[in-house]
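One point on numbering: in my numbering, the residue at position 3 of the sequence shown is 3, and numbering is uninterrupted.
Just so you know, the hints here were simulated from the structure itself, not pulled from any lab data.
Hints are supplied without guarantee of correctness; some may be wrong.
Here are the simulated BS3-like cross-link-like pairs (lysine-lysine), alpha carbons at most 25 Å apart as the crow flies [as the list claims (entries may be wrong)]: (1) K24 x K7; (2) K48 x K6; (3) K43 x K10; (4) K7 x K48; (5) K10 x K48; (6) K6 x K43; (7) K24 x K10; (8) K24 x K48.
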Amino acid sequence: MSMQAKKTLKIQNRLGLHARAAAKLVRVTTAYECSINLTYQDKSVNAKSILGLLMLAAPLGSEVLIEADGSDAHQAVDALEDLFTRRFDEE
1 MSMQAKKTLK IQNRLGLHAR AAAKLVRVTT AYECSINLTY QDKSVNAKSI LGLLMLAAPL
61 GSEVLIEADG SDAHQAVDAL EDLFTRRFDE E
């Protein structure tokens with residue numbers, strides 16, 4: 001059975017979704033089997049792709065939609081919410 005979870009999160013770290021933050025995000029997302037997409041300003045990318053995440057160029061204050069689909073979707077979204085809340089451990 002497929003489960004879905006979604007949540008809108010705000011990027012709070014000063015540099016936005018830059019290379020180091022994107023790498024941390026990919027480390028979290030690749031730990032889950034579900035598919036995870038991140039959407040910013042009508043652009044949706046695979047959240048397990050560092051290049052896709054960098055193409056979004058989401059700055060400080062951006063709201064991004066995270067959508068996960070799969071058996072561990074809720075756990076993945078919770079882990080990403082924790083990462084965003086911790087400002088990607090940068091500050």
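Consistency of the hints with the structure:
Annotation: proposed proximity of K24 to K7 holds, straight-line Cα distance about 18 Å (limit 25 Å). Between K48 and K6 the CA atoms are separated by roughly 16 Å; this keeps the pair inside 25 Å, and the hint holds. A hinted pair counts as satisfied when its Cα atoms are at most 25 Å apart, and K43 with K10 qualifies at roughly 16 Å. Under the criterion of a C-alpha separation no larger than 25 Å, the hint pairing K7 with K48 is consistent with the structure, at around 17 Å.
Proposed proximity of K10 and K48 is supported: the alpha carbons are some 19 Å apart, at most 25 Å. Restraint check for K6 and K43: satisfied, since their Cα atoms lie roughly 16 Å apart, inside the 25 Å limit. This hinted pair checks out: K24 and K10 have alpha carbons roughly 16 Å apart, not beyond 25 Å. For the given pair, K24 sits about 10 Å from K48 by alpha-carbon distance, which is consistent with the 25 Å threshold.
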